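Work out the full structure, taking the sequences as your base and the hints as a guide.
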Amino acid sequence: MPRHARGFDVEAAYDHLSRRDRRLGAWMKRLGPLPAEPRWRKPFDPVDALARAILFQQLSGKAASTIVGRVEAAIGSSRLHHDTLGRIDDAALRACGVSGNKTLALRDLAARESRGEIPDLRRMATMHQDEIVAALVPVRGIGRWTVEMMLMFRLGRPDVLPVDDLGVRKGAQRVDRLEAMPTPKELAARGEKWGPYRTYASLYLWRIADFAAEAKAPVNRSQD
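Residue numbers (the numbering used here): 9 to 232.
In short, the hints are calculated from the structure, not lab data. Incorrect hints may appear among the rest.
Keeping only pairs whose Cα atoms sit at most 25 Å apart, straight-line, the calculated BS3-like set for lysine-lysine is [what the hints assert, rightly or not]: (1) Lys-201 with Lys-178; (2) Lys-178 with Lys-50; (3) Lys-178 with Lys-193; (4) Lys-70 with Lys-50; (5) Lys-201 with Lys-37.
In this text, all values refer to a predicted model and were calculated from it rather than measured experimentally.
Now the structure itself:
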């Protein structure tokens, strides 16, 4: 059974994409090589990461961090898992600032973990990325995009293209000089050229979208 390493050779990805796609390659040259994601080398706990993803949804980073800190204090642990979350009831979670929907999502995640339905890091190393998506999206509050971000930024899978991501679609629009953003289906077809390094292409598309937004920002030319 093949094992998937965390991370990939970004130099090889740069060379491949530069050769395969002239338009994207021109942008890549303009922006320069993007370094490897440092989180590929850091310890990673899938269940804990999913729990935190649930808690951070639709909140500012500061507000979410405050709530996470309260939950950690309430359970007496910085590890969000079935056993530790089981130390407090729903009312206590709500008192920490966790919404009703997020409380239900955390309970669903914990229940699935207890039944062995959430693969750990060792098991994920032997799974195709589509299998990981299929295993995790049934969790309440966890969508495909959340899993794709995990695949890209924590597991370092090289060939992930989040076609529903607004920034990626905007970047592709800029690269191809389109009047409108490509649909997810159109982007998926366009991205066939970028395999097997669609993750690296996506990183550039985000940068290109940001670059375009900055270029359109108004410049304050007033003087004191």
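Tell me, in ascending order, the numbers of any earlier hints that this structure violates.
As far as the earlier hints go, only 2 is violated by this structure.
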